Structures are given as structure tokens and as C-alpha cells.
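Engineer: Here's the letter readout for the chains.
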Amino acid sequence: MASPLPPGLAPSEIAFLCEMELITIVPRQKLESIDLLSGTTPTLRPPRRENVPLWLALLLKKQRRANIVPPPWLHPDSLQDIIHFETKINPEGWAPPPPPSARADGRGNAQRTNRPGTTPLSAPFLSSCTSDAPTGAIPYHWFELAEMLLAHAADDVTSSAEVRGLLRDLQEVRSAKLRAIPAQLEAGIDGVMSLRGVGAMELAESRGLISGVIEGVRKIGASAELSRREEEEQRGDADMDNEASDDDGMGF
Amino acid sequence: MDIDDILRSVDPSTGGIPRETTDLQILTRLWVAERSAPELLAWPSDGVFERVNNRIKAQIEKVEDMTGDMDPTTNFALIVIQTELERFKFLVRSYLRARIAKIDRHTLHYLSSSELRSRLAPTELAYATRHQALLHNHYLSSFLNAFPPQLQNLNDTAGGVSMIDAPDLDTAVFVRMLTDKEVSGRGSDRDNSLNAAEGDVLIMRWESARDMVTQGEAELV
Chain A
1 MASPLPPGLA PSEIAFLCEM ELITIVPRQK LESIDLLSGT TPTLRPPRRE
51 NVPLWLALLL KKQRRANIVP PPWLHPDSLQ DIIHFETKIN PEGWAPPPPP
101 SARADGRGNA QRTNRPGTTP LSAPFLSSCT SDAPTGAIPY HWFELAEMLL
151 AHAADDVTSS AEVRGLLRDL QEVRSAKLRA IPAQLEAGID GVMSLRGVGA
201 MELAESRGLI SGVIEGVRKI GASAELSRRE EEEQRGDADM DNEASDDDGM
251 GF
Chain B
1 MDIDDILRSV DPSTGGIPRE TTDLQILTRL WVAERSAPEL LAWPSDGVFE
51 RVNNRIKAQI EKVEDMTGDM DPTTNFALIV IQTELERFKF LVRSYLRARI
101 AKIDRHTLHY LSSSELRSRL APTELAYATR HQALLHNHYL SSFLNAFPPQ
151 LQNLNDTAGG VSMIDAPDLD TAVFVRMLTD KEVSGRGSDR DNSLNAAEGD
201 VLIMRWESAR DMVTQGEAEL V
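Chains as they are written, first to last, in the UniProt record's numbering: chain A, 1 to 252; chain B, 1 to 221.
It is worth saying that the hints were derived from the structure and are not from the lab. Careful, some of the hints might be misleading.
To be verified - Label pairs and their calculated CB-CB ranges:
no., chain 1, residue 1, chain 2, residue 2, range
1, B, Lys89, A, Glu231, 45 to 55 Å
2, A, Ser227, B, Ala58, 58 to 68 Å
3, A, Gln234, B, Thr129, 42 to 52 Å
4, A, Arg112, B, Lys57, 54 to 64 Å
5, B, Arg130, A, Gly117, 35 to 45 Å
6, A, Ser33, B, Lys89, 36 to 46 Å
What the hints assert, rightly or not - Result set (DSSO-like, lysine-lysine): computed pairs, CA atoms no more than 30 Å apart in a straight line:
no., chain 1, residue 1, chain 2, residue 2
7, A, Lys30, B, Lys57
8, B, Lys181, A, Lys62
9, A, Lys61, B, Lys57
10, A, Lys62, B, Lys62
It should be emphasised that the depicted structure is a prediction, and the values quoted were computed from it without experimental measurement. We put the CB at the ideal spot given by N, CA and C, even for glycine.
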């Protein structure tokens, strides 16, 4: 009954998450809207573009009821830009994620979709894979989505052979950066470390290694950390005392 | 769908996000968090789980009705509905199973204080208490009764060492920011803070990340 999987999402679970990403399709047949648990699907009327979850898009594609419009960032030019950024402009970090989504409020203001008071949306519900997505920035589920599109809808992807090659290049560049992290950790483990722009599948791949290194170092260095904290506490107390005596001095 | 739903879907100020989609987002976030967090998280108090469960039940009834009439045009809709139903069932089951795995692992810990007990759903609490009692009775009848009476407890804290095993809260987790915020955390070699933007992925200790996750400023990935 209990889940036998170790903590952290497994690759198959990430693929499941990725299938919730909204994607744009061009229907080839009319289909009335269907009442689903996650809301109603749009009424499909060819050739009007609609956004549907990826799992539904793949189902429609398999039955030849629709064509998939690949997201703009999957275009060869956009991928080339990202590879250029990752290798030449910033060989250390990852390409930044797409900007937070914003929408018009009808009064001329652009507002972020995630506002206080509402349930914040995050991947896979950000519509970062529809045809409105920006180019030149790859979203959180980029790798899984591209793989699934190339596997099931290769004929809809613009110059799919080229895209496949570019994706492989990009993946190699980025996974080399992730593999370099344990070596960077040798210099010391900080309280917060940023992996801005990393993808879901890349994280799943290296999660065990990175958290294993951090855990191991933490356990080995537990006593050193404790004495460092005690020292800092004492120094903090000493500073407080000094300040207090300064205040006294000023008073006189 | 009534007139309010239609108006809400075109009103720019609500963002046009239907309730069902928000619920799916909440449930997905709960599932991912439960799969990644080292300790058991609080059972959702806003009734999202009950809402989703009721909708699943209604959908199953609808499928049973629809399978009755073999109209070829509704056939494809039925396939779509059933595919989605299976996806939801997987999500719900995987969430509950991840929770049971954690309860099984540290049963006595989660039963030890009222703060920790309040994280469990009523059914989970009943399961944990009964399972623990059965297990202890089994131990008693098979070998513990041969021990002196003062050594027959499973929750001994004598000698400064507690028998109750607790999850390690300093485990490193991966979080994704939901707001722009300055984040600080405790590390093995240095404590530091950095400015994180919405969508950034950070590695930090669960102890440091917990407050941000419970307040909805960040989510586990």
C-alpha cells in the first residue's frame, strides 16, 4: 500500500506532470467540448487554434484528429540562441527561465498572473508551451516536452531532424554544468544555492547525486558546524555587550 | 455551467482560471511536496481533497451512464473522460500512498504530540493508532513479554536517548520560488541569503525552506 519510491519525483512522475502542460493544437475535426475534472475542454472547430493539455493533444494527434503547434522555443533558431547563450555568453549558469507570465486587466495595465490572494500557478500550469510562449527561453519541462513531441508528433515539429540534434547539444551542455556542481560543493556548502533555469528532468537525474553529497558533508561536518554556530553566538553576544556599553558611554 | 461561470471566464480581473483548474494545481502541488519533503506535511484544511474526491465519484457515475448508450459520437468523449479519470486517480492514490509511507516509517513520532497529530487526516490517525497498537501487541506476544516490564515500552526516553525515531529535518530539498523574495538558509559551511526571483530553483535545508513552503511563497520540486 505505502509508496515504495524514495523521496523526490521519479522520471516517470515528471513525465506525468509534463503531460499537464497546455499546448496549442489545430483541430482537423469538429469536437464538442467535454466536461472534464480539470475543467471543460474548448469546443474544437477546425481550423481554430485551441490550447489543451498535452495528454489530450497527444491522444488527438494519435487518432489524427488534430495537429500540434510546437511551442516557439522549440524552433531551431530559438534553440540555437539558447545554445549560444549557454556556451558563449554565460558558460557557468543556465539560460534564464521564461519571464513570469502576465496578462492584461482590460484597463491598460499588465498584471502578473500570480497575484497575492490567488492560488499561484506554476509549471506545468503556466502555459509556457503554447504558441504564445516567448522564444529564446526554455521552460521548466522543456526536455520532457520536446522528447514527447519528437516521439509522437515529429511531423508537426519544424525541421525535426535539426531540432533533435540541437536538443542533444543543449542537453549535453547543460548536463555538464549539473555534473560540475558536486565539484563546486568542495569549496563549501552554503545555506541557499541557486539553480536558476534548471529543468525538471535534469534535476531528477542529478537529484540523488547532489543531495547525497550535501547530506554526506553535513553528517561528516556536523560537529564542526555546531562549534561554528556556538562561536558565532558568543561573538554575537560580545557585540551586543559592546553596543550596550557604547550606549552607556553616550548617555554620560 | 451557469451564467456566473461564463462571466468569470471572460472577466480579466479574475484571470479566467476556473475553480477546477485551481484545484488541480493545488492537488498537484500537494502531491509533489509530499513526494519530496522529508517529513509528513499537514493534511489540506481547505477541503480540496474532499472536493476532488466528490468530483471523481460523480465522474465515475457519468462514465457508467455513458457506457450504456453505444453512440459512436460520444465514444471518443468517453475515452477522453476515462483517460483523465485515470490520471486523477493516480494523482490521488500516489499522494495518499506517499503519506502512508511516511506514517508507517515514523508512526510513534507523528502520534507523539498534538501538533503532529493535527497533520494527519482523521482516517490516517485511526489507521496509525490501530496499526501501532496491533504491532506492539504482536511484539509483546512474540518476544517483549520475556523482557522486564520496564523495558516493554516502545517510547522509552530514559538516559537522554529517545526510542522514537524522527525524520531528519535538515535534509536538503529543492524548492521553486512562487514570489520574488530574499531567501536565507543555514548551511554546513556558511549561512547565507540571496535574492531569488519567481521561478528560480534553489537547494536548501528543509528546516530553512519549511516556512516559505507552508506560507505559499515557494513550492517543493
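Engineer: Can you tell me whether the CB distance of B:Arg130 to A:Gly117 sits inside 35 to 45 Å?
Structural biologist: 41 Å Cβ-Cβ, so the 35 to 45 Å window holds.
Engineer: If I claimed the Cβ atoms of A:Arg112 and B:Lys57 lie 54 to 64 Å apart, would that claim hold in this structure?
Structural biologist: About 36 Å separates the Cβ atoms of A:Arg112 and B:Lys57, which means 54 to 64 Å is violated.
Engineer: Just to be sure I understand the hint, the distance between the Cβ atoms of B:Lys89 and A:Glu231 should be within 45 to 55 Å; is that true here?
Structural biologist: The hinted range 45 to 55 Å holds for B:Lys89 and A:Glu231, with Cβ atoms some 54 Å apart.
Engineer: Is it true that the C-beta distance of A:Ser227 to B:Ala58 lies inside 58 to 68 Å, as the hint says?
Structural biologist: With a Cβ separation near 60 Å, A:Ser227 and B:Ala58 satisfy 58 to 68 Å, so the hint holds.
Engineer: With 42 to 52 Å as the target window, see if A:Gln234 and B:Thr129 comply at their CB atoms.
Structural biologist: holds, 45 Å
Engineer: Does B:Lys57 lie within 30 Å of A:Lys61 when you go C-alpha to C-alpha?
Structural biologist: holds, 29 Å
Engineer: Decide if the proposed pair is consistent with the structure: B:Lys181 and A:Lys62, CA atoms, cutoff 30 Å inclusive.
Structural biologist: violated, 43 Å
Engineer: Hinted pair, alpha-carbon criterion (30 Å max): A:Lys62, B:Lys62. Please report holds or violated.
Structural biologist: Holds, at roughly 25 Å.
Engineer: Taking the beta carbons of A:Ser33 and B:Lys89, is their distance inside 36 to 46 Å?
Structural biologist: violated, 23 Å
Engineer: Would the hint linking A:Lys30 and B:Lys57 be met if the CA-CA limit is 30 Å?
Structural biologist: Satisfied, since the Cα-Cα distance of roughly 29 Å is no more than 30 Å.
This entry does not satisfy hints 4, 6 and 8, going by the numbered hints stated previously.
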